[in-house]
Amino acid sequence: MTELVSRSLPRSQAPTGPKAWIGQVVLYGLFAAAIGTFSQWPVYRHLASDQALVKVSFTRVGKPVGDCRKLSEAELAKLPPNMRTPTVCPRERSPILVQVDLDGKRVLERAAAPGGLSKDGASSIYERVVVPAGKHRVEVRISDDARARDKPFVREAQLELVPGQVLVVDFDPDRGGVSLQ
Amino acid sequence: MRHLGALAALAFWLLLASGTLLYILLDTSVQGAWRSIAGLADWPLGLGDLLRGLHRYAADLFLLATLAHLLREWLAGHAGGVRRFAWLTGVPLLGFVFITGIGGFWLNWDQLGQYSAVSMAEWMDALPLLASPLSRNFLAVDQVSDRLFSLFVFVHLGVPLLMLFGLWFHIQRLTRAAVWPPKVVTLSVLAMLALLALAWPVRSHQAAQLDRVPDLLRLDWILLFVHPLVDATSAGFVWALVGLGTVLLFGLPFLPGTRRAPVARVDAANCNGCQRCFVDCPYAAVTMVPHPNQRIGRLLAVVDPDLCAACGLCAGACPSSTPFRSAQQLVTGIDMPQRPVDTLRQDLRQELQACRADFPLVVFGCDHGAQLAALAAPDVCRFSLLCTGQLPPSFVEYALRDGAAGVLVLACREGGCEFRFGERWTAERLAGQREPHLRGHVDARRVTLLHAGRGDEPEARQALQSLRLRVATLPRHEEPASTHHD
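In the order they appear, the protein sequences are chains B and W. Counting from 1, one number per residue, gives the positions in the first sequence under my numbering. Counting from 1, one number per residue, gives the positions in the second sequence under my numbering.
Hints are computed from structural coordinates only; laboratory data are not their basis. C-beta atoms are modelled at their ideal positions from N, C-alpha and C, and glycine is treated no differently. There may be inaccurate statements among the hints.
[As the list claims (entries may be wrong)] Footprint (simulated), chain B over chain W, 3 or more residues, beta carbon under 8 Å: (1) 11-24; (2) 185-193; (3) 206-215; (4) 222-236.
[As the list claims (entries may be wrong)] Calculated Cβ distances over 12 Å to all of chain B for the following chain W residues: (5) ASP27; (6) THR28; (7) TRP74; (8) GLN143; (9) ALA197; (10) THR246; (11) HIS291; (12) ILE296; (13) ASP304.
Produce the entire structure from the sequences given, and follow the hints as far as they go.
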């Protein structure tokens, strides 16, 4: 084996003995301190201490956009025998309209469009409204029928929201309409 | 810096080990998850803190090391060319690291986990992918079921399995891929994380309460920064950032850059099938096939142009690359068309003949290491190779026999070779630990091997001066370069 006169710069230049150990400890310590620090600090407040959150969320199928109608004899005759159903109903569903008022002031107004290519699917909504904590008069109006927009489901309530509280507004026509949880 | 990829791999192994233990201890139910993890703080001797801290801090290290590894490779120009495959298979791993890391907070199901899970769901809902918002799963206490926890478990345990598979792809085109850092680095990192886990233990927040917004959170900004970013801007903005970043990262290898260098070329007549190039190639670009000369058992090297990084390490490994062959034109078994060994031999001869110094010195270096221009002097003949690993060690002996008083071989800093193993193979070949080796009768006093990268030119000058002074004290050797007959 040839014994070369060889040197390795990193080794020859790097400090040796206690200096090297101290340097290593300092470097690893700084790295550890950076990880430890940013792993838990600074603390984060998602919501101010005097605020509460209103979540409006539901997934419901709206009413059909129009009425069913009976087919005339002439219309039925044009159809293949196996498709001659006497009434036809529109497939498309109504968008669901949501309005939320807080102390008489509108804080949310949205129309949840029906899903699906034929707009015959469910309407979904998930909205967050940050509100001040305290006593509030909440009024929620939800309409799921394009033919009767003047007759929405309504829920009014006087609530006291404590800081950090989450109020969930849900909608289920089969269970009385609008619910506040 | 050169161990960043291996450091990330170390963090991954540590996560797998500590994660397996934590999973054994985890009660995978909504009611029990928080209790089982928070209870670790009550273990004696801080063992629970140690286990939990190691897992958390290793996750932070994993992300930081992966990002640093990505940045370093990009700065080194390693996004494209022959390394494009490694780059493209590495980018998705970054996404996996994030997904796995964030998912880990949900399993704990404390207020931090609740905030992270709800924020992530809200952020996902900004994409028009699902008919029903994911966030609805977190509206009320009774909507978080044990089945949802199965999804959390899948995210946190399933994605790492995908990552393991991705890692296998990532290192597919590398030989001897380093999946462990050197022992001293491994032990130091383990000690660092263990001390950190004990000195700054990771503790649970209060158990999740979906009817309350989590209050002050000790947020892990390294892994969870995306949530406050969404809060501060908007979900759409952060998705746009992610999309832009993804397109950029995947697009980098396809940006017009430096032209690909010509790849290694095999000369069947001079390839004896020794497999040294096959063994030494850092990119698995050389394979061995039966030699077309039909001799039974004889092999022939074949170069895959898509894998060849044009480093020339194969030419340095080829026994036919010896300059002592008497052929007028030195044709070796495997060679680099842009800088063939024949040209190197001719240049070496000419420069040594032209050098009028009493003690001519020869310096072999490489295009990526210390700049040879800094060593210019009347008594110095300089030769820059594609990589110092391209240098057949017999050239050192040849230079000495052809009139050089000393030879300085400049290889990159240890572990810092542009082509992974050039400096290592050079050192081992010159030390006689690897074939082809420098013959033992070469006067070691006339040869210096220096590991010096770009920027280490002053040290290279110093080493050259030391060699200059040393050889001046040695007796002249008048032996001319001998030749073998082909």
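Non-conforming hints, listed in increasing numerical order: Result: hints 1, 8, 9 break, sorted rising.
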